[in-house]
Each structure stands twice: as structure tokens, then as C-alpha cells.
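Colleague: Sequence:
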Amino acid sequence: MSLVYEKQIKVTEEHIDQNNHVNNVQYVHWVEEIAAEHWDLLKHKTEYENDAWMLLDHHIRYKKQVYLDDVITVKTYPQAPEGAKQPRKVEFYCHDELVVDSSTLWILFDTETKKIKRLEGNWLEGLAGEIDENYI
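Using the working numbering, read the sequence shown as starting at 53 and increasing by one per residue.
To be clear, the hints were calculated from the coordinates, so they are not data collected in a lab. Model, not experiment: these values are computed from the prediction. Hints are not guaranteed to be accurate.
[What the hints assert, rightly or not] When the alpha-carbon atoms are kept at most 27 Å apart in a straight line, the in silico DSSO-like pairs for lysine-lysine are as follows:
| no. | residue 1 | residue 2 |
| --- | --- | --- |
| 1 | Lys115 | Lys62 |
| 2 | Lys115 | Lys59 |
| 3 | Lys62 | Lys127 |
| 4 | Lys116 | Lys141 |
| 5 | Lys115 | Lys141 |
| 6 | Lys166 | Lys59 |
| 7 | Lys127 | Lys115 |
| 8 | Lys127 | Lys116 |
| 9 | Lys141 | Lys166 |
| 10 | Lys137 | Lys127 |
| 11 | Lys59 | Lys116 |
Construct the complete structure from the given sequences, taking the supplied hints into account.
Modeller: Next comes the structure, spelled out in C-alpha cells:
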């Protein structure tokens, strides 16, 4: 099974900037939004259900512009954990072409103690048997 989560977004007026294309800041919002949606689907299958992720580092590359009424396919997937840190990729496609590429680094923290938690082993392996129509 792949741990890729995918969704489609239709570009509306609220996403457009003064240059008549999707505002770059909008992509940052979508990166956080899709990561949160993906975690909401996964967390109940893990020992980290009552914990939360905090964005630590974010890199984004804008390759092409996207315009009003375009439909964007957004794909995200976690990469191998690095101690307490969890890298994640987010890719935006329009007309089957990569238009924005994002690499983020998240840390897990205990919502009660507000302390950072170290991920135990490769926690993603525990999800390998789960199938959901939201995964490709």
C-alpha cells in the first residue's frame, strides 16, 4: 500500500491574487490543510492518536502558474521519520504537470504536556495493511 493521500481543488476567485493566478501564499495554506487531513485519516490507526504535529521547516518551489477555474490535484505523503522529526512531501499538479513542489518537516508533540515526542521506530510500517479509497 502507498501512503499517498490525494485530493482535488478547483481554483476559485478567493485563491487568485492581483496577477490573476493562484497566490503563492495559498499554496502554503493548502500544504498545511492537506497534511492535517491526511493525519486525521491516519492517527486513529497509530499510538499517536492524541498527539499533534507542528510545522518546523518548509520549502516550496513554484514551477508554473495556475489560474481561475483550473483543477489542481494535490498529493502528499510522509517520508521516513528522523527521530522526533517527520518529513513530508506535497506536490501540486495541474493538467498532469507538476506546478508546485513542497518539502516540510514536522515534529510531534504531546497535546497534554506540550512536549516534543520521539517517534518510535518507523511508525509508518504499522499502517501498511490499511486500505482506504483516499490512498492511491
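Colleague: Each hint needs a verdict: does it hold in this structure or not?
Modeller: Here is what the structure says about each hint:
For a cut-off of 27 Å, the pair hint linking lysine 115 to lysine 62 stands: about 19 Å separates their Cα positions. A threshold of 27 Å between alpha carbons decides the hint, and for lysine 115 with lysine 59 the separation of about 20 Å falls inside it, so the pair holds. The straight-line distance between the Cα atoms of lysine 62 and lysine 127 is roughly 14 Å, inside the 27 Å bound, and the hint therefore holds. Only pairs whose Cα atoms come within 27 Å are accepted, and lysine 116 paired with lysine 141 is accepted, the gap being roughly 18 Å.
Only pairs whose Cα atoms come within 27 Å are accepted, and lysine 115 paired with lysine 141 is accepted, the gap being roughly 15 Å. Annotation: proposed proximity of lysine 166 to lysine 59 is violated, straight-line Cα distance about 31 Å (limit 27 Å). Only pairs whose Cα atoms come within 27 Å are accepted, and lysine 127 paired with lysine 115 is accepted, the gap being roughly 16 Å. Simply put, lysine 127 and lysine 116 have alpha-carbon atoms about 17 Å apart, close enough for the 27 Å limit, and the pair holds.
At most 27 Å may separate the alpha-carbon atoms for a hinted pair to count; lysine 141 and lysine 166 meet this at roughly 25 Å. Between lysine 137 and lysine 127 the CA atoms are separated by roughly 20 Å; this keeps the pair inside 27 Å, and the hint holds. Only pairs whose Cα atoms come within 27 Å are accepted, and lysine 59 paired with lysine 116 is accepted, the gap being roughly 19 Å.
The structure fails hint 6 only (numbered hints given earlier).
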